[in-house]
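The hints should help you fit chain G onto chain P, whose structure is shown.
There are 2 protein chains.
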Amino acid sequence: MPRFALRLAYDGTDFHGWQRQEPPGLAPLRTVQGELDRALTEVLHAPVACQGASRTDAGVHAEAQVAAFTADCRVPIERLHAALNARLPEDVRALAAWQVPDDFDPVRDARSKGYRYEIARMQPFVARLPFDRRFLHQAMHPIDVERMRIAAACMVGTHDFQAFAHAQHGRESTVRTVHACDVGTLPDDRIMIDVSGNGFLYNMVRIIAGTLLEVGRGRIDPDAIPDIIAAGDRSRAGNTLPPQGLRLRWIHYPADRSEPGRGFDIA
Amino acid sequence: MPRFALRLAYDGTDFHGWQRQEPPGLAPLRTVQGELDRALTEVLHAPVACQGASRTDAGVHAEAQVAAFTADCRVPIERLHAALNARLPEDVRALAAWQVPDDFDPVRDARSKGYRYEIARMQPFVARLPFDRRFLHQAMHPIDVERMRIAAACMVGTHDFQAFAHAQHGRESTVRTVHACDVGTLPDDRIMIDVSGNGFLYNMVRIIAGTLLEVGRGRIDPDAIPDIIAAGDRSRAGNTLPPQGLRLRWIHYPADRSEPGRGFDIA
Numbered sequence: 360m361p362r363f364a365l366r367l368a369y370d371g372t373d374f375h376g377w378q379r380q381e382p383p384g385l386a387p388l389r390t391v392q393g394e395l396d397r398a399l400t401e402v403l404h405a406p407v408a409c410q411g412a413s414r415t416d417a418g419v420h421a422e423a424q425v426a427a428f429t430a431d432c433r434v435p436i437e438r439l440h441a442a443l444n445a446r447l448p449e450d451v452r453a454l455a456a457w458q459v460p461d462d463f464d465p466v467r468d469a470r471s472k473g474y475r476y477e478i479a480r481m482q483p484f485v486a487r488l489p490f491d492r493r494f495l496h497q498a499m500h501p502i503d504v505e506r507m508r509i510a511a512a513c514m515v516g517t518h519d520f521q522a523f524a525h526a527q528h529g530r531e532s533t534v535r536t537v538h539a540c541d542v543g544t545l546p547d548d549r550i551m552i553d554v555s556g557n558g559f560l561y562n563m564v565r566i567i568a569g570t571l572l573e574v575g576r577g578r579i580d581p582d583a584i585p586d587i588i589a590a591g592d593r594s595r596a597g598n599t600l601p602p603q604g605l606r607l608r609w610i611h612y613p614a615d616r617s618e619p620g621r622g623f624d625i626a
Numbered sequence: 360m361p362r363f364a365l366r367l368a369y370d371g372t373d374f375h376g377w378q379r380q381e382p383p384g385l386a387p388l389r390t391v392q393g394e395l396d397r398a399l400t401e402v403l404h405a406p407v408a409c410q411g412a413s414r415t416d417a418g419v420h421a422e423a424q425v426a427a428f429t430a431d432c433r434v435p436i437e438r439l440h441a442a443l444n445a446r447l448p449e450d451v452r453a454l455a456a457w458q459v460p461d462d463f464d465p466v467r468d469a470r471s472k473g474y475r476y477e478i479a480r481m482q483p484f485v486a487r488l489p490f491d492r493r494f495l496h497q498a499m500h501p502i503d504v505e506r507m508r509i510a511a512a513c514m515v516g517t518h519d520f521q522a523f524a525h526a527q528h529g530r531e532s533t534v535r536t537v538h539a540c541d542v543g544t545l546p547d548d549r550i551m552i553d554v555s556g557n558g559f560l561y562n563m564v565r566i567i568a569g570t571l572l573e574v575g576r577g578r579i580d581p582d583a584i585p586d587i588i589a590a591g592d593r594s595r596a597g598n599t600l601p602p603q604g605l606r607l608r609w610i611h612y613p614a615d616r617s618e619p620g621r622g623f624d625i626a
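Sequence lines, in order, name chains P and G.
For the first sequence, my numbering gives the first residue as 360, with consecutive numbering after it.
For the second sequence, my numbering gives the first residue as 360, with consecutive numbering after it.
Bound conformation, chain P alone (with noise of 0.2 angstroms):
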């Protein structure tokens, strides 16, 4: 059977995260792969089980999540994703879907992925409008930029990341590399922190943000970073900032596997 790749974009306010869960004896969990198994289920007449990119977590975001499954699909491959939305639930959009070659691992095959965490600055006694609340963080303190570029900069590079880590990321080595890390202003006071890398270990972005963070508030030294690092001390680094300021923005794979027209872009 053929095998297939999808380009999906979600809210994840409403999911409890990416990944299947179906607790025995109890009712399924509403997430983005169990409504996605379900409408491909329903396009294809046949069971297909997805496997995603990323294992987004609970009131995390996609910009472009990309699944795969193998299927036959009668649907003209261009239109599946239309079929599928169709099915889906307005806070899950399917972009586009291509084949891919039998052996595509959306995993294993991803060369880069990029990830955005979007800060509010709040001014004392000025509140927000309402509407973007559930895609960024809200930070009460003044804060630095300046300083957070130099902090971000050091995170680039091959570096062991275990500080950077959930202590259950159940991973055997720590070792990723950063290929950029930035952090830049967006309108209405917003900050962002740009994120790209050839793998993430567990909550790995949220707790770099919440370093830089802390830096750009003036609790943690940006010419600390590097030593945070060496030192490997989860204690050392700053808080996991909530899950609903990021967003996964783009996986880039070869271009064998990548969407049509979109070679080593996929964002």
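These are calculated hints, taken from the structure and not from any lab test.
Since this is a predicted model, take the numbers as computed values, not measurements.
Note that beta-carbon positions come from the ideal geometry of N, C-alpha and C, so glycine has one too.
Keep in mind that the hints are not guaranteed to be accurate.
Covered stretches of chain P (in silico footprint by chain G; criterion: 3 or more residues with CB under 8 angstroms from a CB of chain G, positions within the stretch not fixed) [said to hold, decoys possible]:
1. 433-445
2. 448-455
3. 522-534
4. 572-578
Okay, now just chain G, sitting in the frame of chain P:
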């Protein structure tokens, strides 16, 4: 007792509209006014019932609703909105509070109100990112914005808008003055319809938007608009578009009852 005004913003998606609804024998419905009265009563330690300038329907949003109440306010007025926000749910925010003359009536004193209706132009087989879906109406057909502009210009002026009112509008006169009706395009394939005027009938902005959309789709001729207005026949105007595309953007009051520093520009 002194009288005060509040500027409020809300995401109307999860509210049964502005107005308090307490069906006898049933639990009160979740409304913006209900939440605000509860928060005001908690903050001011006395029962408070506020009056809104605009009875927005279920699902309609506001960037700057105005509400008035009469009460002893021991909180410094420039901090009242922050005290309220600590007790309001995240989808409604108090943005400012100021004292007004004792005879302030937020409905009667309003000189003009501005609404925006936002439409996303959907291309065949192209799905939108699901991040702003709570704030727009998705239109599936090709739309000619130039035609909409010509029709929009015909709405401006003092007319009997009976053809653009819900049958249960409940008003003696259906004559209203539309100050401006502008159609424009926004990023991400969105169309905005900005309507301002001295007052609006029930569903009037949503019916104007629905009529302009029919014009954009080619099903109503732009030159027919003056006729439709003159005939006063609801059935010749377009559909009432759904609430989520609509937001109340500003309300103007005379200088002696405007928010300080915002004069005739509350937005």
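Now the hints, each set against the structure:
With 5 residues having a Cβ less than 8 angstroms from any Cβ of chain G, the segment 433-445 of chain P passes the three-residue criterion, so the hint holds. Check result for the segment 448-455 of chain P against chain G: holds, 6 residues qualifying (beta carbon to beta carbon below 8 angstroms, three or more required). Using a Cβ-Cβ cut-off of 8 angstroms, 0 residues of the segment 522-534 of chain P lie near chain G, which falls short of the minimum of three, so the contact claim is violated. For the segment 572-578 of chain P, the assignment as covered by chain G is violated, since 0 residues bring a beta-carbon within under 8 angstroms of that chain's beta-carbons and 3 are needed.
When each numbered hint is compared with the structure, violations occur for hints 3, 4.
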